[in-house]
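**Q** All chains should be modelled from the sequences, with the hints used to inform the complete structure.
Letter by letter, the chains look like this.
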Amino acid sequence: QKEVEQDPGPLSVPEGAIVSLNCTYSNSAFQYFMWYRQYSRKGPELLMYTYSSGNKEDGRFTAQVDKSSKYISLFIRDSQPSDSATYLCAMSPNAGGTSYGKLTFGQGTILTVHP
Amino acid sequence: AAGVIQSPRHLIKEKRETATLKCYPIPRHDTVYWYQQGPGQDPQFLISFYEKMQSDKGSIPDRFSAQQFSDYHSELNMSSLELGDSALYFCASSSRLAGSTDTQYFGPGTRLTVL
Numbered sequence: 001q002k003e004v005e006q007d008p009g010p011l012s013v014p015e016g017a018i019v020s021l022n023c024t025y026s027n028s029a030f031q032y033f034m035w036y037r038q039y040s041r042k043g044p045e046l047l048m049y050t051y052s053s054g055n056k057e058d059g060r061f062t063a064q065v066d067k068s069s070k071y072i073s074l075f076i077r078d079s080q081p082s083d084s085a086t087y088l089c090a091m092s093p094n095a096g097g098t099s100y101g102k103l104t105f106g107q108g109t110i111l112t113v114h115p
Numbered sequence: 001a002a003g004v005i006q007s008p009r010h011l012i013k014e015k016r017e018t019a020t021l022k023c024y025p026i027p028r029h030d031t032v033y034w035y036q037q038g039p040g041q042d043p044q045f046l047i048s049f050y051e052k053m054q055s056d057k058g059s060i061p062d063r064f065s066a067q068q069f070s071d072y073h074s075e076l077n078m079s080s081l082e083l084g085d086s087a088l089y090f091c092a093s094s095s096r097l098a099g100s101t102d103t104q105y106f107g108p109g110t111r112l113t114v115l
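The listed protein sequences correspond, in order, to chains A and B. Using the numbering used here, count along the first sequence one by one with no gaps and you end on 115. Using the numbering used here, count along the second sequence one by one with no gaps and you end on 115.
Some clues are possibly wrong.
What the hints assert, rightly or not - Computed far set for chain B versus chain A, every beta-carbon distance over 10 Å:
id, residue
1, Val-4
2, Glu-75
3, Ser-79
4, Leu-83
5, Ser-86
Unchecked claim - BS3-like mimics (lysine-lysine), calculated; alpha carbons at most 25 Å apart, straight line:
id, chain 1, residue 1, chain 2, residue 2
6, A, Lys-42, B, Lys-13
7, A, Lys-70, A, Lys-56
8, A, Lys-42, B, Lys-22
Claimed, not checked - Counterexamples of contact, computed for chain A against chain B with all Cβ distances above 10 Å:
id, residue
9, Ser-12
10, Val-13
11, Asp-58
12, Lys-67
13, Tyr-71
Derived from the structure by calculation, the hints contain no laboratory data. Think of the CB as a built atom: it goes at the ideal place given N, C-alpha and C, for glycine as much as any other residue.
**A** Below, the structure written as structure tokens:
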């Protein structure tokens, strides 16, 4: 079983919809949580970064972390066709450990927002 | 803002040949990570360097080696290439200076095709 499981999708929504992307994880050492967006044949682009339970908002994006349930989510409000991409959750352990910084990714969710 | 630079962007090699991939981190970033992403897969961590020393090692084959140089650029050397090595290879960089978040920023990737 993978350390990080992500709803694979694909997800297809109309423009303007609210999108919910989710990941669960099993490794309690994960303390840093990120969401990346990846367009086809491009490098992952950092969207959100958080290390505490709760919500973090940035424009149309909200990252939610629930460490007690080992569950993270990314919400996209007022989705646009330009949001169509693969979304990857990623996690890394505590600072200071030998694996500090090493990212473990979810499988990615392909999102299509149609006009 | 300056981003991570990777070269070459595309590389075609024959089986059993050798390839060298280069990564130039964001200025003042001291940490470099290498990831391999197969078709339809999430990125898999290969190896990382902090201040020119190897800091962590993932699922990197013994045929691969890497190093970080005094100017912080890194090279991934791949020998005895196999068909299964065909993938996107991403480099990411971050800063572990006090007060930084060690957030990883990814380059555009090198697409390696082994024939």
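**Q** Compare the structure with each hint and give your call.
**A** Results of checking the hints against the structure:
1. Val-4: Val-4 of chain B is in fact no farther than 10 Å from some Cβ atom of chain A, at 8 Å.
2. Glu-75: 18 Å, holds
3. Ser-79: 24 Å, holds
4. Leu-83: 20 Å, holds
5. Ser-86: 14 Å, holds
6. A:Lys-42 - B:Lys-13: Roughly 21 Å between the alpha carbons, so the hint for Lys-42 of chain A and Lys-13 of chain B holds.
7. A:Lys-70 - A:Lys-56: 16 Å, holds
8. A:Lys-42 - B:Lys-22: 17 Å, holds
9. Ser-12: 18 Å, holds
10. Val-13: Check passes; 21 Å lies beyond 10 Å.
11. Asp-58: Holds, since 13 Å exceeds 10 Å.
12. Lys-67: Given a closest Cβ separation of 18 Å, the condition holds.
13. Tyr-71: 18 Å, holds
When the structure is compared with the earlier hints, a violation turns up for hint 1 alone.
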